[in-house]
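Chemist: Chains as they are written, first to last, in this note's numbering: chain A, -14 to 287; chain D, 180 to 365; chain P, 371 to 767; chain E, 4 to 246.
Among the hints, erroneous ones may be present.
Straight line, CA to CA, 16 Å or less: simulated EDC-like cross-link-like pairs of lysine to aspartate or glutamate [claimed, not checked]: (1) Lys254/D - Asp630/P; (2) Lys325/D - Glu609/P; (3) Lys279/D - Glu606/P; (4) Lys217/E - Glu227/E; (5) Lys181/E - Glu328/D; (6) Lys696/P - Glu239/D; (7) Lys233/E - Glu329/D; (8) Lys237/E - Glu313/D; (9) Lys234/E - Glu239/D; (10) Lys741/P - Glu609/P; (11) Lys721/P - Asp341/D; (12) Lys237/E - Asp341/D; (13) Lys181/E - Glu335/D; (14) Lys234/E - Glu328/D; (15) Lys254/D - Glu609/P.
Bear in mind the hints are in silico, worked out from the structure with no lab data behind them.
Each chain is listed here by its residues.
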Amino acid sequence: MSIYAKLAYTLLGLFIVLNWGMLMSATFRKIVARVAGRHGIPFYQPWIDLIKNAGVRTTLSHGFMFYLGPVFRFTGAVGMFLFMPALFGSDMWSNFSFQGDLILLLYFQSFGMLGMAIGAGDGGHPHSTIGISRGLAQHAAIELPMILGVISLAIQYHTLSLNEIIAAQQGGFQHWTIFTNPIAGITLLLAALGAMGHSPFNLVKAPNEIPIGPPTEYHGTYLGVLMSSGAILHVIEAALFMNLLFGGATNWLEYIVKTFLIYFYSVFVGVVFPRFKIEQSVVWFFKIPLALGILAILIYSF
Amino acid sequence: MKEILDRIQSKYNLQDTSFRTDTMAFTTVSKELAIDMVTYMRDYEGFKHFVMMSCVDWIEDNKLQLLYLLNNPTKKCDIGIKVFIERENPSMQSAHHLWKQLWTYQRELKEAFGIDFPGSPRVDENFVLEGWTEKPHMLRDFDTNKYAEETYFPREGRSTNDPATYMRAKLYPNQPVTAKKNKDHE
Amino acid sequence: MSKFFEFKPDRSKYPAMGADGKLDIDLSSQKYTKLWLGPNHPGVTGNMAVELTLAGDEIVEAKTHVGYLHRGFEKLIERRLYVQGFPTSIRMCVAEPDTNEYLIARSTEVLSGYDKDVPEMAQWLRMLSLEMARLQGLLRGVPGQAGTFSLGIGVQWGVYLRDLILDRFEELTGARVYHMYIIPGGVRGLLPDGFKKRMEDNLRDIDDFIVRIRQLMFNNAIFNKRAKGIGVIPKEWVEQYGIVGTNARASGVKRDIRKDYPYLHYDQLDFDPPTATDGDIYARSWVRWQELIQTVDLIRQIMAKMPEKGDIRAQMPNVLHWKIPKGETYTRLESGRGEYGMYYVTDGSDKPRRVNLRGPSYTHAIALLEKMLVNTNIADVHATMVSLQTCPPEIER
Amino acid sequence: MSELDINDKVNEMLHKSEHNAAAAECFEKTFVRPEDEEREVIAPDGSIIKVNPIYDYFSGKKPTEEKPCGGVVEKFLNWARAESIWVLGFGTGCGSIEIPPLMTPRFDAFRFGVQMRPTPRQSNAFIISGYLSVKTLKRVIRSYEQMPSPKYILALGSCTINGGMYYDSYSTINRLDKYLPVDVYIAGCMPRPEALLAGFMKLKELIKAGKAEKANEYARNFDEYKANQKKIIKDWNMPDYNW
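Bound-form chain A, shown alone (with noise of 0.2 Å):
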C-alpha cells in the first residue's frame, strides 16, 4: 500500500476516533446525568459546543506560548494514534505503528501534558499554575505503575512492538493479557483509573477548589481544539489498555465495544467516588500499584 493510501486512511481513523471520542464524552455525561437522575444533554450536544466555539468572535492571547499549549495537547493526541495500530491484523488500519511503538506512546502520553504545561502556565492566571503543578506530580505518579506493568508484558511477550503483543494475545479470550499475567494487568488497569482523568483523580480540572485548572483562560477556537483533543485521547487511552490488556481489536465494531467498556469502567468509578487531594492520590498510586507493579516484574524475571 503505498504511503498515500495509508495516510489517507490513518486520517479517516482520525476522524472516526475523534466524532467516536465525542458521542463517548456526550454518553459519559449523559450517564452521570442518569445516576442522578436527570435527562441529561442530548447526544449531540459536544458537537455543537464545537461549532459554537468555533464561531467565538473575540480571541486574545496571552503571548506566544498560550498558542501552542492547545497545539501540543492535540499534537499528544494524535500522535498517540498515529504509533498505535487501530486494528489488528489490517494492513489499512494499521497506522503507523512500528516495532518499539509502546516506548513512544508512552512518550506521548506525557507530551500533551507537559505542552499544556507552557500554555497554561503562559495563561498567568494561579488556577492553570496550581493545576499543572498538580497535574504534573499526578502524572509522575500514575506513570510509574504504568510503566512497570508495560514492562512486565514486554519482559512475558518479549517485545516492545504493540503488533506483536496483540499478535500474541489473539485466539480467544483466554489468551488476553488479564488473564495470562493478572498481575501486571490489574497494575494496568488501576493506572488506567488515572491516566483517564476522571474521579477520583479529576483534580486536574477539579471544578469546585481550582476551577477548571490549566485551561482557565482558554477560550472559543483554544478550546475547542482542547475539547477535540479530549475526546480523542478518551478513546486512544482505552484503546491503549485494550490492545495491551484486552486482546486489541480486528474490526471498528470491537474496537468501538472494547474501548466503550474500558472508558466506562473509570466512569463508573468516578461516579461514586468522590476527588483525592493530591497527597492522597500520589500516595495511593505508590501503594497497591506501584507494588503490584514491581511484583508483575518480578514474576517474569525469575
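Take the given structure of chain A and dock chains D, P and E to it, following the hints.
Modeler: Below, chains D, P and E alone, put in the same frame as chain A:
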C-alpha cells in the same frame, strides 16, 4: 438574673434596668465602666457566650447607644449592657481581646456608625461597602432614599403611594373621606 | 507503613512571625501567591470572597471579604411601616427565609404586647413551617458536603427532594422561596386538604434518601479520608469564638435554642439534639445527617400533635396605623445553622428604630474561618466553608 | 505570518495600555490600592523588575465592534450558539438559590443545551440573579468584559428592572440596563425555575433571529456605559477595559 443584677448594682452604678423576661435584662452603664463590666460578667458571672454587639442612633438625644449582649449558657439568661456615647466623633474602648469574633462587630460599627475603636484589628478596613464617601450609612441623618435617587437611575413610571390613602381608594372607592383622618399620614 | 508515605510539608520556609505577632509576608519576594477565591468562583458558598495567600498550595493567610450582597436592610426597615418592613426583612437570608419571618413577627408581638394572644393553631403551624424550612435547608446542606469533594450525585438527589418540600410550601403559602407565612399575630392560612398525606409521601421519599446518603457519604472510603481530621474546631473555641448550632454540637457542646430557651411548642416535642466530639468536617456532616433524621421525625410529630382546627390569627390593630411603644428585645431561634437572633428596638412611632440581625455565619465565616484555613490545603477551603454552613447574606444584610 | 511577527503582535497587545493616554488620564483621577501601586520588586535572581499591576494585568484597549459575518454561515453559527448556552457560574444575588433546582432533576436545563461554566473566558451568558450591590457590580463588569463576544445577559427579578424592593437602598443599583446591556429580563421575586427556562427559550429565539448583538451595542456605546459605571463605582482601581 435578678440577684446577679442586685449584686452588681452598686458596683457598676447600673441605671434604667429593665426586664424583658425573667431571663433577659437590659441595663445601662457608664462608658468608663462598660468594658470592665463586660469582663467581669464573662469571668465571674459565667456570661461566656457573646451573642452580639449592636448600636442604636438616638439622634434626638444626640447619643449613640452601644449594646453588648451576653449570654450565660449554664444559667440560661441574657444581659444586654447598654452604653451611651456622644454622637460627635464617637469613640469607644475596644473589647476585641475578650472574644475572638468581637473585632468583626467593631469593624462593622466603625463603618456603619463611624464609631472608632482604637486598637481593634483591621478596624479601618472596608466591611460591606467599597469606596464609600458619604457619611456613615446607618446614622439616622443619612437619607438613603435621597442618595439612591441622586445616584442611581430610577426607572420612569415608578410611583410611590401612601398605603393608607391608596388602600382606601382601592377598597372603598365610593366612600367619601370621613372626618376620622389619620394625622400621621397626611 | 502508612506513616512512611505521608507527606509532611516543611513549614520552616513559611513566613516568620514578626515582633508584633503578625506574619511577615512579603509578596514581592515571589514566594507567595495571592489568590482570590470568589466572588466569581463556583466553590464559594454564595457571593463572598476569601483572599488567600499561598505558599505552594498551603494557605498561610486568609481574609474573608463580604458585602457583595449588602442591601442595607436594617436601614430600609427603619423607613418603612412595620407591615411594609415585613416582606423586605424576610429576604435577609435566602437559605431559610422563614426564620426571618418568625423573628420579625415575634419581636413585634412581644414589644406590642400581643405575644400571649397568638392562637394555639398558629403556633403549631409556625413550628411546621420552621421545621420544613430547616428540612429544605438540610436537604441542600447534607449532600452539599459531599458535593465539595466533587461527589455531585447526592446534591442532585437532595435538591430534587428539596423541590418537593418547596411544593408543599407552595401549597401552604402560595410561594416557593419567600413565603411570608408567619405574620404578626399568627399565620396566613390553614393547612390545605390532603396536605398531611402528601407531606407524609415526601417524608417517606426522604427516609429512603437518608439511607442512600449514608451509604454514599459515610460509608465511602475517600469521603472519610478527606473529611476526617480536616477543619477541626476544638471544644474550647466554642466559647472563645461564639460558635453556635451544629458546629458547636459537632465539637461536643450541646447548644440548641429549641431545648435551652424553648419557643413555640418545642417543649411538647420529643427530641434530643445530636452531638459529636471530633469537631472536624466529618463530625459536622454526621451531626447534620442525624439532624436530618430528627427533622423528619419532628415534622411527623408536629403533624400528629397539632390540632385539626382553630383560629390562626389574633385580632391585631390596623397595620397602617400600628404603633408600638418604646422598648427593645432580643428574639432568638435555632435555624439550620445555629442561633439566629434579632435585636429589635422601637421608639413609639409607626416604624422601628433599629433592627439588627445576628446571623451565625457572622462569627463562623469571618473570625473562625480565617483562623481555620491557615495551614490547610487549598483543596480544603471549599469543604471547610460548606461544613460551617456559611450563608453570606446574613453577614452583611 | 512568521514567528517574529506573531511575537511583535503579542508584545504590542501586551503593552498597548502604555499608549492609551485617555485611559491613563482617567485612571490618575481615581483611587489606587497600595498593592496596585507602581513599584520595583527584586526577582529571585537578584534583578530588579518594574511592576505596574494595573497596566500589567489589564489592557487599556477599548472594545471594538465585532461584526457578524452574515449570510448562511452566521445563521448556522447562531443556531449553534442558541443550542449551546454556557452560563457563567456567578451567583450575584439571592436569585441564585433557584439555579440548583434549574440544573437538577426537576427542571434540568441541560436538556436545552444550557450548561454552567466556572470561568468567564468560556461562558457566553451571564445570569444577573437579582439585586446588584455596587460592590458586586464592579466584579460583574469585570467578568462581563472578560467574556468573549457574542455574549448575553439575562437579568432576573424585579430588582434589576427598577430596583424592586430595594428602590431606595444606598447600596443597590436600580436599573441594570444603564450599566450593562441586557438581552432578556425575567420578572418576578424571585423568578421560578420555569420562568428561567422560559427566559432561556426567549434568548434562544433572539439569538436565532440574530437580534442578540448586545455585545456590539456595548462596544458602540462604550463611553456612555463607562460614564454611568464610574458615576457609582467610587474606587475605580482598574483601567477602562480589562480583557
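Chemist: It remains to establish, for every hint, whether it holds in the given structure.
Modeler: We went through each hint and held it up to the structure:
1. At roughly 10 Å between alpha-carbon atoms, Lys254/D and Asp630/P fall within 16 Å of each other, so this suggested pair holds.
2. For the suggested pair Lys325/D and Glu609/P, the alpha carbons sit about 43 Å apart, so the restraint of at most 16 Å is broken.
3. A hinted pair counts as satisfied when its Cα atoms are at most 16 Å apart, and Lys279/D with Glu606/P qualifies at roughly 12 Å.
4. For the hint linking Lys217/E to Glu227/E, the alpha-carbon distance of about 14 Å falls within 16 Å, and the restraint holds.
5. Between Lys181/E and Glu328/D the alpha-carbon distance is near 14 Å, which keeps this suggested pair within the 16 Å criterion.
6. For the given pair, Lys696/P sits about 14 Å from Glu239/D by alpha-carbon distance, which is consistent with the 16 Å threshold.
7. Between Lys233/E and Glu329/D, the direct Cα distance comes to roughly 14 Å. Compliance with the 16 Å bound is thereby established for this hinted pair.
8. With a C-alpha separation of about 11 Å, the suggested pair Lys237/E and Glu313/D falls inside the 16 Å cut-off, and the hint holds.
9. Between Lys234/E and Glu239/D the CA atoms are separated by roughly 34 Å; this puts the pair beyond 16 Å, and the hint is violated.
10. Proximity of Lys741/P to Glu609/P is assessed by CA-CA distance (about 15 Å); at most 16 Å being required, the pair is judged to hold.
11. Our distance criterion of 16 Å between C-alpha atoms is met by Lys721/P and Asp341/D, whose separation comes to about 14 Å.
12. Restraint check for Lys237/E and Asp341/D: the C-alpha separation of about 34 Å exceeds 16 Å, so the hint is violated.
13. Our distance criterion of 16 Å between C-alpha atoms is met by Lys181/E and Glu335/D, whose separation comes to about 13 Å.
14. Using a Cα cut-off of 16 Å, the hinted pair Lys234/E and Glu328/D holds, with the two alpha carbons roughly 13 Å apart.
15. Proximity of Lys254/D to Glu609/P is assessed by CA-CA distance (about 15 Å); at most 16 Å being required, the pair is judged to hold.
The structure fails to meet hints 2, 9, 12 from the earlier list, while all remaining hints are met.
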